[in-house]
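Following the hints, put chain D in place on chain F, whose structure we already have.
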Amino acid sequence: MKDSKELVVALAGNPNCGKTSVFNNLTGSRQHVGNWPGVTVERKEGTHIHGDVALKIIDLPGTYSLGAYSEDEAVARDYLLFGQPDVIVNIVDSTNLARNLYLTTQLLETGIPVVIALNMCDELASKGIKINVPLLSQLLGVPVVQTVASRGRGMEELVEKTIAAAGNPPAKSINYGPDLEPDLEAFVEELKELKTHLNPRFLALKLLEDTEFVKDIPLEESEKEKLLAIQEKNLERMRKKWGEGVETLLAERRYGYIAGMVKEAVQEESSLLARLSVSDKIDRIVTSRLFGIPFFLLVVWGIFQFTFTLGDPLVELLEGFFESFAEAAGIWLQNIGASELVSSFIGDGIIGGIGSILVFIPHIGLLFLAISILEDSGYMARAAYIMDRFMHMLGLHGKSFLPLLVGFGCNVPGIMATRTLENKNDRLITILINPLMSCGGRLPIYILFTSALFTANQGLVIFSLYLLGIVLAILMGMLFKKFLFKGDSAPFVMELPPYRLPTFKNTLLTMWDRVGAFIKRAGTVIFAASILIWFLANLPVGVEYASQQSLLGRIGSLLAPILKPAGFGNWQAASALIFGVVAKEVVVSTLGVIHGVGEEGLVGVIAKTWTPLAAYSFMVMNLLYIPCVATIGAIRRETNSWKWTLFAIGYSLALGWGVAALIYQVGSLLGFA
Amino acid sequence: MDLVFLLVVGIIAVALIAKFVTKEAKEGKCASCCGCDKANICSRK
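Protein chains in written order, with our numbering: chain F, 1 to 673; chain D, 1 to 45.
There's no promise every hint is true.
Said to hold, decoys possible - Here are the in silico distance ranges between beta carbons for each label pair:
#, chain 1, residue 1, chain 2, residue 2, range
1, F, Q84, D, I11, 49 to 59 Å
2, F, E236, D, T22, 50 to 60 Å
3, D, T22, F, D78, 28 to 38 Å
4, F, Q84, D, L7, 56 to 66 Å
5, F, E252, D, T22, 47 to 57 Å
6, D, I11, F, G516, 25 to 35 Å
7, D, I11, F, A338, 15 to 25 Å
8, D, I11, F, K224, 51 to 61 Å
9, D, D2, F, F325, 20 to 30 Å
10, F, P313, D, T22, 33 to 43 Å
11, D, T22, F, L508, 26 to 36 Å
12, D, T22, F, W512, 19 to 29 Å
Think of the hints as simulated: they come from the structure by calculation, not from any bench.
For every residue, glycine included, the Cβ atom is placed at its ideal position computed from N, Cα and C.
In isolation and in its complexed conformation, chain F is listed as follows (with noise of 0.2 Å):
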């Protein structure tokens, strides 16, 4: 213990058994919860104050193992070898505990105090399950506690045996047999004499297990070298005995134990039809090889249905409301005598871009509520699955898809998932293709030109485009896999968590995250983005407001003709685009200065100045085209690498005009035009 008022507490455990449902409950928190595994991959600190002890609870990526095979694992492993927490909570999945066990074994050799929440205990019944709860306790030597941290229950017990459980190391350790024993303990005795605070029986395995793991060990250089020498004699004493599986057979021997102990204290119902739990049957068909893609793309048409036929309405309301909020300013600053400039940068600027972009709150509120359920419920994971297979035949590796998935959201995010990614090349093109990924914020510029020119099929010109972004994702990605990153995918088994009802508080509250993300980016990156734009329509002075002669009509025409072949060779168009890589959203937000929000609003403009092919293909080059700058931030970061920044952005805006061109003059030969 560090101090008697104050305990480090790590969350552990494998991915997707609900560690941060129970850090947000513990700490209060609102960390980001989705039903699939990686959604937490850097570890996430908070606070719980119990009586007088505060615990300080650190979140860590999930893990199977303390091996260090991906980057997110590492961060666990080493959090918890070497940040020397005072108590390991382990949560383990109780309707999966044999797999989770793996982990808590190898927690417990670490000598640090353990205590094991049984989480999802409420799932157990319905899979004919019972866990003898004080025999498992008393079979792993460490406190067990049942909870249900997506409805904080057990919660209050965790934090008190948590408590107890301090300055008091887990009292039974796996036993390796007879054969193997005398050799493990020659090997400990020998550790004893090092000076490091890792437990000498779980450093002595650890070493057996992972050669490389003496490298990673903050140690002095003499006493690295002391390590070296005993880590290569027993090695070589015990190989010479057990061949080169040492690993395997210390592996083996933990399954082992796991299998005595699950089958002394779990019960399963055994009959076939008890085992096939609600989520297998769902699963027969929604990831059937048949139904499985057919099923995903009906669910994503099903959402934008959803969105549109809720939220047009709404959207509506707010239009009148800025449309009458603009008139009202517009008549108070004649009223105060303001300058025609003054009412123009009040109206035209900060109405016109900043309206123009919250009147689809009605839109990303109902489309995020809708992914949020899916997260939630466990289907996502399914469509990852699904993808897995299909994208597996193109040579890609499946675990590529949970990114993506990620992007539509946000492509920051999603890039910086890619780090669940062992493998360096399938990262790496997990990041490049990212961008591709229709994210939120491309969304009032499907809105805006779906509602101006598509109203009969708004849901699905925009599910189209998603659908786009998924296809151009995956080609690309054959095609760096190909050319660029040559080299087999290492092997994935997607884990499918079981259905989840969602609940009503996570749900609610992924979507205000959301949604209060995208108004507080209105008022900052937007909002400047409208004042700069109005500026460069009203320069040089004297000239018309937002006119081809203004410096912004200047900028824009200058690319124009560029975009002529794509079907929008028009400057506000161009200014738009070039805007637009500051964040999405400014393209409508530029639309709305040039335009304004007045009688007719933007969409009504849109509506006689565009041809749906123009507009389609004016979509399509804002899905591809250059990534905004916080993503091409998150890029440069994530592959720490200018050179492939910078193929990204080249890339992109290569794809982006050639497919909007491609789509134009096709379209115009088909008389679409």
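Frame of chain F, contents of chain D only:
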């Protein structure tokens, strides 16, 4: 007078954009989405 007003507005706009964009690019924060600053996958944490 108009020129002064325009210049002030322009300078403020450029300064604000530089501030917000640098913050986003540096911190990997893009708030238009899932509140990635709230998600555990944000590198700022």
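Against the structure, the hints come out as follows:
1. F:Q84 x D:I11: 49 to 59 Å: Holds - the Cβ-Cβ distance for Q84 (chain F) and I11 (chain D), about 51 Å, lies within 49 to 59 Å.
2. F:E236 x D:T22: 50 to 60 Å: holds, 55 Å
3. D:T22 x F:D78: 28 to 38 Å: holds, 30 Å
4. F:Q84 x D:L7: 56 to 66 Å: Since the Cβ atoms of Q84 (chain F) and L7 (chain D) sit about 57 Å apart, the hinted range of 56 to 66 Å holds.
5. F:E252 x D:T22: 47 to 57 Å: holds, 54 Å
6. D:I11 x F:G516: 25 to 35 Å: holds, 30 Å
7. D:I11 x F:A338: 15 to 25 Å: holds, 21 Å
8. D:I11 x F:K224: 51 to 61 Å: Holds, at about 57 Å.
9. D:D2 x F:F325: 20 to 30 Å: holds, 25 Å
10. F:P313 x D:T22: 33 to 43 Å: holds, 39 Å
11. D:T22 x F:L508: 26 to 36 Å: At roughly 33 Å between Cβ atoms, L508 (chain F) and T22 (chain D) fall inside 26 to 36 Å, so the hint holds.
12. D:T22 x F:W512: 19 to 29 Å: holds, 27 Å
Violated hints: none; the structure is consistent with every hint.
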